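Given chain A's structure and the hints, the job is docking chain B onto it.
Okay, here's what each chain looks like letter by letter:
Protein chains: 2
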Amino acid sequence: MNTEKLILAVPKGRILEELMPMFEACGIIPEDAFTDSKSRKLRFSTNNENLDIIRVRAFDVATFVAHGGAHIGVVGSDALEEFDYDDIYTPVDLNIGHCRLSVAMPVEEIEDERKNKTRRSHIRIATKYPNLTRRHYAAQGIQAECIKLNGAMEIAPSLGLARHIVDLVSTGSTLKANGLKEVETIVEISSKLVVSRPALKTRPDEMNMWIERFRNAVKK
Amino acid sequence: MNTEKLILAVPKGRILEELMPMFEACGIIPEDAFTDSKSRKLRFSTNNENLDIIRVRAFDVATFVAHGGAHIGVVGSDALEEFDYDDIYTPVDLNIGHCRLSVAMPVEEIEDERKNKTRRSHIRIATKYPNLTRRHYAAQGIQAECIKLNGAMEIAPSLGLARHIVDLVSTGSTLKANGLKEVETIVEISSKLVVSRPALKTRPDEMNMWIERFRNAVKK
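Going line by line, the protein sequences match chains A and B. Numbering follows our numbering, in which position 61 of the first sequence is assigned residue number 43; successive positions increment by one, without gaps. Numbering follows our numbering, in which position 158 of the second sequence is assigned residue number 140; successive positions increment by one, without gaps.
Just chain A, same shape as in the assembly:
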């Protein structure tokens, strides 16, 4: 058996609340510091001698798994669809982290947009997801000029940066607070278990054990 520890990469933030019961069902108990939001630690031991957890940015989980820095990961389908990763296999939909990627725009401009029946051939959009956005509009024959932002997309329309935004929407309260309304859902999002293909080849027993545990832990 390979004595190098398996590394499980999980995203910081909101998703951890949904992930903790799933860890329990998988028999994974992280060290206390893991749930301490003030801890600056990045790597955590677990009750499993051969499994450590790293907590990284949501957009970095798949990068770690794809480049051999982690063997298993939990990652939103938004990141998987935005980036092209080789050497990643996605065996389990974890049925957590549900939200949607949507187009939104200022409430007061929606009526105007409807009246203007002429189909636009070009649209300017502020988003964290330029690749997904361009693909979505290209399929409708529309060229999307994307302004890549890392946050605060919802402020863009009021500043004239772009009339439309494409962003993750959960309850819709952030949009509402900024005078925006969802006008189209691009894709439904949930978190997936991703695994490194090379690790699956070199350590099949351990890897398949964890895949099975996560599969069984998914709420029916």
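Please keep in mind that the hints were generated in silico from the structure rather than gathered at the bench. Remember, predicted model here, so these are calculated numbers, not experimental data. Hints are not guaranteed to be accurate.
The list cannot tell twin chains apart, which means a pair is met if one copy fits it or any two copies do.
Computed list of lysine-lysine pairs in PhoX-like fashion (alpha-carbon distance at most 25 Å, straight line) [unchecked claim]: (1) K201 <-> K(-6); (2) K97 <-> K163; (3) K97 <-> K183; (4) K(-13) <-> K201; (5) K130 <-> K163; (6) K(-6) <-> K20; (7) K201 <-> K20; (8) K158 <-> K183; (9) K23 <-> K163; (10) K(-13) <-> K183; (11) K20 <-> K158; (12) K23 <-> K(-6); (13) K(-13) <-> K158; (14) K(-13) <-> K23; (15) K158 <-> K130; (16) K201 <-> K163; (17) K130 <-> K(-13); (18) K183 <-> K(-6); (19) K23 <-> K130; (20) K158 <-> K97; (21) K130 <-> K(-6).
Quick look at chain B alone, frame taken from chain A:
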């Protein structure tokens, strides 16, 4: 006079502490919510009727200014050098936010690296700054294969993701806590005042007033 408010974009986080005394010297008093780290507001009024402040991600400040979403911005030279922005003018070095972009690697591998005198032609690096990094190494005839991470670069070497990282270094304590040591400084960083070139043309009086105020507020 143009009645549309001028928008000043500033980065979230650490830099705000250094920026507040500078605002005071410029005669800018933001509304109270601005210094409340719990506030979810993105846009703030000031004592100046014609000036609002937006607080966005450090990497997004220049994007807002470059695309007309903000007229003035405070941005680290790291972001300016990493991205290619048109329509941005950088009139004042604010002499705050000092740090450096450096190469770091595991302490125990430095001696090994020194012994190995053969010049490498290829190097793998985890960084938030792939463009800056590639340019730096290309000038030395080395091809840098960059793995783009958004955070937690310092954990990459211990996980075998990359032997070297290129990251911002201030005190060096984060590197030390992760068993890494700085081996080369790529560039010294400080925050700059950036302004929109189109705004400078269409609203020269206001824009030049603010540039002058910030210039005078810089600590000698």
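Comparing the hints with the structure gives:
no.: 1; hint: K201 <-> K(-6); in the structure: within (22 Å within a copy, 38 Å between copies)
no.: 2; hint: K97 <-> K163; in the structure: within (17 Å within a copy, 61 Å between copies)
no.: 3; hint: K97 <-> K183; in the structure: neither (57 Å within a copy, 35 Å between copies)
no.: 4; hint: K(-13) <-> K201; in the structure: neither (28 Å within a copy, 51 Å between copies)
no.: 5; hint: K130 <-> K163; in the structure: within (20 Å within a copy, 33 Å between copies)
no.: 6; hint: K(-6) <-> K20; in the structure: both (12 Å within a copy, 18 Å between copies)
no.: 7; hint: K201 <-> K20; in the structure: neither (30 Å within a copy, 34 Å between copies)
no.: 8; hint: K158 <-> K183; in the structure: neither (48 Å within a copy, 35 Å between copies)
no.: 9; hint: K23 <-> K163; in the structure: between (39 Å within a copy, 18 Å between copies)
no.: 10; hint: K(-13) <-> K183; in the structure: within (16 Å within a copy, 59 Å between copies)
no.: 11; hint: K20 <-> K158; in the structure: between (30 Å within a copy, 19 Å between copies)
no.: 12; hint: K23 <-> K(-6); in the structure: both (12 Å within a copy, 22 Å between copies)
no.: 13; hint: K(-13) <-> K158; in the structure: between (45 Å within a copy, 23 Å between copies)
no.: 14; hint: K(-13) <-> K23; in the structure: within (18 Å within a copy, 43 Å between copies)
no.: 15; hint: K158 <-> K130; in the structure: within (22 Å within a copy, 33 Å between copies)
no.: 16; hint: K201 <-> K163; in the structure: neither (31 Å within a copy, 45 Å between copies)
no.: 17; hint: K130 <-> K(-13); in the structure: between (37 Å within a copy, 24 Å between copies)
no.: 18; hint: K183 <-> K(-6); in the structure: neither (28 Å within a copy, 43 Å between copies)
no.: 19; hint: K23 <-> K130; in the structure: between (30 Å within a copy, 21 Å between copies)
no.: 20; hint: K158 <-> K97; in the structure: within (22 Å within a copy, 61 Å between copies)
no.: 21; hint: K130 <-> K(-6); in the structure: both (21 Å within a copy, 17 Å between copies)
The structure is inconsistent with the numbered hints 3, 4, 7, 8, 16 and 18, although it conforms to all the rest.
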